[in-house]
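A.B. asks: All chains should be built: construct the whole structure from the sequences, respecting the hints.
4 protein chains.
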Amino acid sequence: LRAPPAPRLAAQLAEVGRLCYSRGWAFGTSGNFSAVVSREPLRLVITSSGVDKGLLTPAQIVEIDERGRVLAGSGKPSAEASLHIAIAQTGGAGAVLHTHSIWSTILSEDAKDGGGLAIEGYEMLKGLNGVATHEHREWLPIIENTQDWVAAAPRVAGMLREFPATHGFLIRRHGLYTWGATLSEAQRQVEILEFLLEAMGRKRGTTWQP
Amino acid sequence: LRAPPAPRLAAQLAEVGRLCYSRGWAFGTSGNFSAVVSREPLRLVITSSGVDKGLLTPAQIVEIDERGRVLAGSGKPSAEASLHIAIAQTGGAGAVLHTHSIWSTILSEDAKDGGGLAIEGYEMLKGLNGVATHEHREWLPIIENTQDWVAAAPRVAGMLREFPATHGFLIRRHGLYTWGATLSEAQRQVEILEFLLEAMGRKRGTTWQP
Amino acid sequence: LRAPPAPRLAAQLAEVGRLCYSRGWAFGTSGNFSAVVSREPLRLVITSSGVDKGLLTPAQIVEIDERGRVLAGSGKPSAEASLHIAIAQTGGAGAVLHTHSIWSTILSEDAKDGGGLAIEGYEMLKGLNGVATHEHREWLPIIENTQDWVAAAPRVAGMLREFPATHGFLIRRHGLYTWGATLSEAQRQVEILEFLLEAMGRKRGTTWQP
Amino acid sequence: LRAPPAPRLAAQLAEVGRLCYSRGWAFGTSGNFSAVVSREPLRLVITSSGVDKGLLTPAQIVEIDERGRVLAGSGKPSAEASLHIAIAQTGGAGAVLHTHSIWSTILSEDAKDGGGLAIEGYEMLKGLNGVATHEHREWLPIIENTQDWVAAAPRVAGMLREFPATHGFLIRRHGLYTWGATLSEAQRQVEILEFLLEAMGRKRGTTWQP
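Here the protein sequences come in this chain order: A, B, C and D. Note that the first sequence ends on residue 210 in the working numbering; no numbers are left out. Note that the second sequence ends on residue 210 in the working numbering; no numbers are left out. Note that the third sequence ends on residue 210 in the working numbering; no numbers are left out. Note that the fourth sequence ends on residue 210 in the working numbering; no numbers are left out.
Read the hints as simulated data drawn from the structure, not as lab findings. Please note: incorrect hints may appear among the correct ones.
Identical copies carry no separate label here, and so any pair may be met within one copy or between two of them.
Said to hold, decoys possible - List of simulated lysine-lysine pairs, DSSO-like, C-alpha gap at most 30 Å:
(1) K126 x K203
(2) K76 x K126
(3) K203 x K76
C.D. replies: In structure tokens form, the structure reads like this:
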């Protein structure tokens, strides 16, 4: 029997997961969430695969190392653990949140691979880390979906190095990844990006009569 | 006075019913829900007809046999009990959930009888039982509505044999049926299918500017 | 100091009012709700004018007679009390609910005076009192808005006699009226009609690709 | 250590802030809220900059003077404090609420500077202070966004003097400001205006078939 993972971080992570579920961003066991426990060596707590996020408890969170091996807790880490590790390593994130919302699913169908979604000129952009004015153009890269994230993780790491200023990315017909230095910063950013995606999506459904 | 139905299953069923109501999928006494108590002989617990799902209690759930006769509890089983029985018999389901959501109502108007709705390429499809990749095409058959489900049950059973891989079906201008080996699997699937129906519906209302 | 109104009915009415508010159907002190205490002579409990329905308590409900005079409780009855009285007298309703939802506001802009909105072929119609099949055509008359409901009440009574089968009506750019023999029947009908109005409204916003 | 700000007003303000957050009008630390403590000299309680409105407590509210200097409590007042002060001074408001909703964001893109949004003929308009009939035309001015509200405050004060009858205004791609003599009046108005903005926005997304 392994020791339980970092209890305070796991409890915070479970709370953020239940919040995302309550907003309809993590229905049907979708979505996964992580937070960095230590940097050297890299250790993360991450949600187990296939658990109901509406009832998420710290017991459904495991601690993993930089190769995705379980160090503490019981359960299988999310199949997308390699993405969380890549984001923690490349971008220096302290927490990574991945949601499956209606609007990120729809808007991620927009662009071809190598493409993305631009969001520009909105006050809400100031909620993103380091953005001090609405006169900001956020570029959310859109990457293709896959079922082999171990193989795809270097591609994501490369994209993060190519776009060091980005605060998130979309996976086509799949959802949104965002991150922050802390869990509360990441939570603020997921609210900001989901808000902006919803605004962009609803705006498209509106007949303009300026 | 009959004995009460299987108490633990009835309590779980009542909880799932209240959850569906809280999401707007079972307004105004609509929707009905069942779970298999035993296979041989077939016994199901099912919601009584005409009860408010927002206040659903185990006392509003009855136990029926394979011909829809009440064995335990008081109340009239749902008028669609014969559909629940057919699904339990043909597809081997352990729990059957039927919701009346806005999006299933709208999207079920799409196709002619014998038609259906295809949902393809979305990560959320992996929440369906046995689906391991987003490269999956889910075909939801759409059947005509009727007020005589005893007469229509064999037609539904035939459709389930024709499409053994389907995870649900729509009744035109009426709603969604889905099922699972257990109540929690069925609950996960209703969240997945309602999410995908909402995404398909909202996508249609959006002006694309790719 | 007047005696408080019928306490059990007032408490039920307050609960229904808070439910309507929680669904966004009675924002900003809008909406009003009543229930019949006695028929001969006619006595109703009705929400006071200008109260926040999210915090509605029995103390904000007054009892009135057939001419709208306050018999019990303190507060001014809703300015639309004459409509509630007309509906209770003409249609024999035991409870009357009036909501201001987004969809009833939008859809009531549709038709000219003397016009209305037809809803046909939906299973949810069976939630309306006395409707036994989805093969039903519900005609919701749309009447013009006014600020003098005492003067307009006879016109509404006439419309109810002209359409004795209707389960509700819309006031243009204003909202929905529905009623039932009891408060719970009226609550079921407001859920059914608001659901159908939302479905009709969202369907219009969807690009069909059948 | 400074003394805490007016405790009862701060507690009410925190409650209104949490309500706005729960409706999705103040995601990701957005939105700010104030109430007048005294008129001569002018003193306001106002939310601190950058706090999560879903967890808003009186400890995150500061008291400021007419030049935005902190008199009580700890924390930095909102960057838009000068706007709140201008509205309290020019319009005589006792409470000012500023929300970042989806619909105010979208609809504020409509008009050029000096322009605005007209809302006319809706019963819900009667929820605005001093409006006694639906035959009312509300003109919501739309002003350009900026990051220097100290410099922009005189422009806003001028606009309020130009349109003394207005109950709110929009900042482009940013959100809504409204106010009232008391916090509960301001809360009623934010519900009314957000309802009307949502109705206008959804109406645009609907294909009319009158």
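A.B. asks: All hints, please: hold or fail.
C.D. replies: Outcome of the hint check:
| no. | hint | in the structure |
| --- | --- | --- |
| 1 | K126 x K203 | both (20 Å within a copy, 28 Å between copies) |
| 2 | K76 x K126 | between (37 Å within a copy, 17 Å between copies) |
| 3 | K203 x K76 | neither (40 Å within a copy, 34 Å between copies) |
Against the hints set out earlier in the document, a violation occurs for number 3 only.
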